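S.K.: The primary structure of each chain is shown beneath.
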Amino acid sequence: MAQHKQTAHEFIQSTFSPQVAVLCSNDAELLCQKNNLSFVQLVQPFSRLKTEAHIKDPNNVQHSVQHLRIGVVDMNNQIPPAAAAKKLMNDAVNNEQPQLSEGNRGNVITVGDYDLQLSSSTPWFEAYREVFLQTLPQSDHEFLKHCLASMLQTLSSSQQQQQSQFPNKLPLWFSPNILKYYVLLHDVVEAEASKAEAVYQSMKSSFGHQSCHLLQINSRSLTAVETMKLDTSLPDPWGQFLPKKIDIQEGVDYDTGGSSGGDDSIFPTQLDEGTNGNNIHIGDTNSNSDEGVDGLGTINNVVDHPLAMSNESPLQSPNMDYSSDYQGSSSSLNSIQSALSKSSSFGVTDKNKFPGHGMCLTASDQDRIRIFMHEFAVRALIPWAERQMRTLNDLLMSRTGIRKSLFGTARKLFGGNPSKSNQASSNATTVVYSKDAPELQMRRLADLAFLFQLYDFAYQTYHSAKRDFNNDNAWLHFAGTLEMASLAIFMLGNQSQRSYPDHYMESAITTYLQSCRNVPYSVRATLVSTEALKSRGKYKDAAMQFIKMMSEDSDLRSALLLEQAAHCFINMRNAMVRKYSFHMILAGHRFSKAGQRKHALRAYSQALQIYKGKGWSLAEDHINFTIGRQSHNLKQLENATAAFKHLLTEDSKQTPMQQNAFLREYLFVYRQLLVQEAEETGLQSNILPELPLPILDSNATKVLLGARPQPPQNEKMFATGVWFEQSESHTNKWKILEDLLVSSANGGSLPLIYKPTLQLYTDDTDNKYNPVGYVREPITIEFYLVNPLKVALTMTDVMLLWSFLPTISSMDKPQLITNEHMVTAKNNLSDEIVHGQTVKEIILQGNDRLAVQMTLAPQQMGELRIYGITYNLGSSATTFMAPSQGPSGPLGSTIAGPKASYVSTVYVRGKQKIEVQGPRLNNKKEEMAVKTYGPDRRLDLTIQEEMPLLQVSFLNFPRTLLCGEVHPVTLSFTNVGSSPMHKLMVASSNPKCFVLGTVLNKHNLGGVYKSSSVKDELNCVKCDTDNVGRVTLIDLPGGVLHPKGSFSIQLWIRGNDIGGNHEIDFLFYYESAQKSTKPRYRLLRHNVLVNTVESLSVRAVAQKACRHSTSNDTSNIGQMLISCEMENLSQQQSGRAHVQQIEVKQISCASKNWTIHSLTSTIKADVHIGSRELLQICLKAVNLSSNDNTTDGTTFTDLSFHGDKIVSSESPCRQFYERSNIKLKALDEETFQSSTPSQNIQSVENMDEFQSLNCAIELGISLIILWQAHIVDINGSERLCVGQHHVLVEKTDCIFTSYPYMLVPKESPPIKFIKEEVTNEEKKPAFEVLTQLVSYTLQYQTEVDNCFSKCRLCFVHVTVVLENLSEAEVSVLVDTSKAQLRLNDYLDAGVAVESPAGGFSWVGQTLKQLKLSPKETQNILLSVSFGKPGVYNINNLAVFVTYQHDSTEMTQQKQTKPCVITVRDAPS
Amino acid sequence: MTGNYYFVIVGHHDNPIFEMEFFPSNRANDPKKDDHRHLNQFVAHEALDLVDEQMWTSSNMYLKVVDKFNEWFVSAFVTAGRMRFIMLHEMKNEDGIKNFFTEIYETYIKHAMNPFYEINKPITSPAFEKKAQLFGKKYLTG
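Just so you know, the protein sequences line up as chains A and B, in that order.
The numbering of the first sequence is the numbering used here, which starts it at 1 and goes up by one.
The numbering of the second sequence is the numbering used here, which starts it at 10001 and goes up by one.
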């Protein structure tokens, strides 16, 4: 709140105080100079009377005069010319600055949502007001400032009588008859008292004792002063009255040229509000006046503020009248200024001899001066004033009577009412009164009364004078009296009956402004009026008056008044915060135009409090920009940087161009700040400044142990390893593989302390533990840069910042080493320890997010902490550079040089910290209550000693395969680390698709399959499918792979049976041969995508061999007919790789107890299958005799169609066959270790429960189709490839394909919320099995001749052969009576049956029950009778079988082929 | 009916939640349009003091012209929920502005009922913007 030192009353009283001119002899002045004071200054502290004085008004009423202040001025003193006054005011304002350092700088007030810190006072305004009132040119229309008396001084020691010589330029005297007062100065120490007394007596005799005074001063000698110099405890009553010494430095740093000077040209002009012609129209109307103002010699480039108040009526050359008088007077400005500031300059040189004032004056001296002033006022001045008033009053009383009667009526009669209407235009016709015109006399009387606090009387007089002036259209005089009249009422305060006449003051100001064009007086009126209004609490009116006084001609004044208006708004009862802030902005703008940068900065900073963070982004940007610029101009670079920083926000509404300008400016200022700081500290600090841009998305930072995988070279492909683009699901996959590997390396179980290896540390991984890096192995960091701006940013020389704490075995404490340096010196120690990468240039486009990868390679063991990045931040090198942007400024030399595009702009070297935050903890109660985050150590690495490092490469790894194609790949392992390794293993998510061979040497290179000409058909090989797992051990030659050692093995890849893209993952595991290392093993990933193209599809059906009913031998019971259908699925396409032809080379059978034989005699048949062609081959499967089946192994039978036989029991054919059979669980389900063994066993038991029954229909024949395909590549070249397909024929009468069944995802039933009773269903074997437990065949005579004429009925004996196919005991019920028509399946056969039921009938026992032990064969004899000749199908028996004892559970067996019997009527 | 308009909805914490400028179609790409956008904000913000003062003196939501600064008039509308609609305009257009305010009020209410919209948060809905644009064309610049 703007609290002023003086109250309104005091202020008005001191503004309008009686003035006394002082004429001092040179000697007297010298005497005073002993105290570092002029005489005027000497008496100034005592010019206010402490006691009450009394004065009688002309009506002889006694009034008390309280605290009368007498203004003492030097007679030589002149009112400085306007230009000088302007400078003085500027200085005064500039010298009064708020104390920034003070803690209690302002008081905090809370208005609504706003907490504001306001400066409690505005001393600069008071200083301005004081100077303004002092330098206000005197006018003839009032007498308030006219000197009432002259004080003449002389010295007692000087001999000759001081002649009253008036200087050339006189102050304006109140009246011709002024009071003269004679003072005799007496130096107590130097002069003789008696002499002084003598002179005084003579003075008294000549001038009268009322107007003479003997003043004794300087009771202390100068020598005495020097001894007591240090005693400064005495209060210095002069301090506050003397002009403060102007600090030269301070004076320099503001410029009088209206707008901010040359520095501003470096800024882009977009934000210079004035330059574009928005508000020119105001300026246009004022162009006349501008001309005049420009004449002052100040560079007043009229920059219209768009915020400027446009006054209702434009001002027409407001101060032309006096400004022209002082044209070109600026040269004399300095002299005048010094004259004023040091008052009458007598002994300027020794002014600074002693710092204090009044050194020679003792306390009694001061008392004497006080008495002197009192004497002067009470004895001389007041009586004089009384006399003067009385004479004036008398004079007026006599005149006004006549005047009023005469002129008043005359005017009424003839003049009409000339006032009001032509007020504005009647300026020129102002009445000029003569010096002693009665109107002026009245005014004089009123002024005198006002000066001596006879306010009531003054008001009366003003009031009557006002009427006269109004009648005479003497507007200036009129305004003056109005002003004073209202002030008189105000000064009366509560004593007056009248309320304070606002409108008087209002019209006074308006009249000053509009009719008289007298701006200074209108300002004065405003100053006093607003004080009055404020003291009455009418803040709003005061604010309005302040705002009204805003004009274009003085920015300083406008600024100050706007600021006061702002303070008025905040002081209102309902504080208008927003008005306050707005007017502070306006004031700040004006301050900056007036060159008062500090004040401008202060005003803007004040306003920012209100706008901050509210979302008025454009306004906030404007404020911040101005604060930044002003701070920069004031060399407060830190503040400037901070302010500019605020401009670079994410969702700024500025245009990209503007933002670029902001950015450039920010960088420019920031760089200056850094240079300055470097100069101040004198040394290059090693702490880099933190930069705000671009935004570093710290938590997205990823740390990868390892380097970027090597790109493939020709046909050699390196293991892909780990890189940043990996989805979350994949990490789980790798983790499972690792679990498998570790457990198999550890003998089947996971070690107690086990955590899966992490190679890539991201936000999602568990970063509780420090990542472990190894010496000389690179570490790659990926960090994300986000550019919130709309313009591109350029980052150059980007480096990672790290600190390193080496683990040294020596005694001395290890020292923390970092690479944070201001200068990038070569061959640093830090570069030796950690090899870092430097990225030359990163251009970050507007609103972009960019991932940057950088590597570090530590060279020593220790703890490495990556804490940030360092870079040069620059704006993009764009075309719209500010013209002064070039090599100007102190940085020109450093940034010059035609290096590359990115160095041409201004840049700043700085850093940004990468601070990663751990996951939010939410386990304990206290953690839930507050936001706590766990540790995240992904950037704190432990560097350990060297480890072996495996490099795996694949030679000729195919991208595309045919389905089932087998492709050889050479797999090479190299230990590129520096210590030996062993225990190499590989795990894969898809182990079916590859087979590892042996170590390659030269002579076993070649084709995929081995062939031999030996005609050995049977090959019994023990096939252990159990060891086909995901983990495969790779034998190292020699057991250990030494550093730099390498070896290769063969690898076969088989294309997946399903066409499409297939991912194959390899995870290699190896251990360091040295035991000591803590993480014992290391891993290497390889992930490859193989595209498979459809080639061959094989379908096979096995049927029981059709047995001839007559043959009675049982040898062919174990025979099967396998029909195999092969189709070439690939389509011929030109321009794409396709399969031209597939040639089936061989069909092999792998089974435990079956062999196959060809049915065709021409075994060298053409087995080429073209595109979309189908080949059918029938094969016979023969059960191995039991003696062959001794071993548990698998017998391979090869049926070659082409000369050489491929040994299918050799690798890789056998392995692929093995792999084709095993059923692997999906990787996700594969929980390592039977964590719940009971469950597993349970399921196994369930499987085995019906094994004895299931074997009734199981075959277990695997057909391996080996083929060769001609492939035409895209470029037309042909190549051959080989492959194999597998068909596992599990059951009879079912079609099996090589194509694996697609699992149809099961639809889960709708969720029920009602609890259902779970019925425990009994497990049953499959229905299919139950119906085929027992096979039965009928053996009978197929052709019967019977003479029906002889014997009407023909009996035929039928033997039913029942064979228990299962390995369980079953009970069989053969029912002939229940035989129904079950011939639907054999309708064509049924045609022969004329009357199905009646044709024949079973005779004899209709029901037979028997038990069959496993694999047992029993015969039952049945009889059937025929009544007619014909062909009958007698297979309508019903055979019911159960494996349980409960006969109700019997299942009817599937009927086999029709059994046809021909009954012929044989003629006897 | 012509002249530029600047419309802002001010939230309870004196924060702008929606801003829009309307230009007559013939002056749509006025070069000076960008330079003084911050001035609009200043004037609108300043007028809040007077809006807060005057809303207690009237039972109407539409407060008509509450303030004037240079060439700008400031009209205001206070909703039942004390959201303040401020309109800066160069010409008097009482009916148009009143209609505009009423329509926007209705749109605003609908928007505020969206459970995903938090009161006093900036309105980013393109639908709202479109509506405002439409009403602006209809009542202000059209």
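Misleading hints may appear alongside valid ones.
Each computed DSS-like pair below joins lysine-lysine, with the alpha-carbon atoms no more than 30 Å apart [claimed, not checked]: (1) B:K10068 x A:K612; (2) A:K1180 x A:K1152; (3) B:K10064 x A:K790; (4) A:K635 x A:K540; (5) B:K10064 x A:K540; (6) A:K614 x B:K10068; (7) A:K614 x B:K10121; (8) A:K180 x A:K50; (9) A:K612 x B:K10064; (10) A:K768 x A:K931; (11) B:K10068 x A:K548; (12) A:K653 x B:K10131.
Calculated from the structure, these hints are not laboratory results.
In this text, all values refer to a predicted model and were calculated from it rather than measured experimentally.
S.K.: Now look at each hint and say whether the structure bears it out.
M.R.: How the hints compare with the structure:
Of the pairs offered as hints, the one joining K10068 (chain B) and K612 (chain A) holds, with about 24 Å between alpha carbons and a cut-off of 30 Å not exceeded. Only pairs whose Cα atoms come within 30 Å are accepted, and K1180 (chain A) paired with K1152 (chain A) is accepted, the gap being roughly 16 Å. A C-alpha spacing of about 39 Å is found between K10064 (chain B) and K790 (chain A), which places the hinted pair above 30 Å, so the restraint is violated. The suggested pairing of K635 (chain A) with K540 (chain A) is violated, with an alpha-carbon distance near 37 Å, which exceeds 30 Å.
Simply put, K10064 (chain B) and K540 (chain A) have alpha-carbon atoms about 21 Å apart, close enough for the 30 Å limit, and the pair holds. Distance hint between K614 (chain A) and K10068 (chain B) is fulfilled; the C-alpha atoms sit about 23 Å from each other, no more than 30 Å. With a C-alpha separation of about 11 Å, the suggested pairing of K614 (chain A) with K10121 (chain B) holds against the 30 Å cut-off. Annotation: proposed proximity of K180 (chain A) to K50 (chain A) holds, straight-line Cα distance about 23 Å (limit 30 Å).
A distance of roughly 29 Å separates the Cα atoms of K612 (chain A) and K10064 (chain B); the hinted pair therefore holds under the 30 Å criterion. Distance restraint check for K768 (chain A) and K931 (chain A): the Cα-Cα separation of roughly 18 Å lies within the 30 Å cut-off, and the hinted pair is therefore satisfied. With a C-alpha separation of about 14 Å, the suggested pair K10068 (chain B) and K548 (chain A) falls inside the 30 Å cut-off, and the hint holds. For the given pair, K653 (chain A) sits about 21 Å from K10131 (chain B) by alpha-carbon distance, which is consistent with the 30 Å threshold.
Checked against the numbered hints above, the structure breaks hints 3 and 4 and satisfies the rest.
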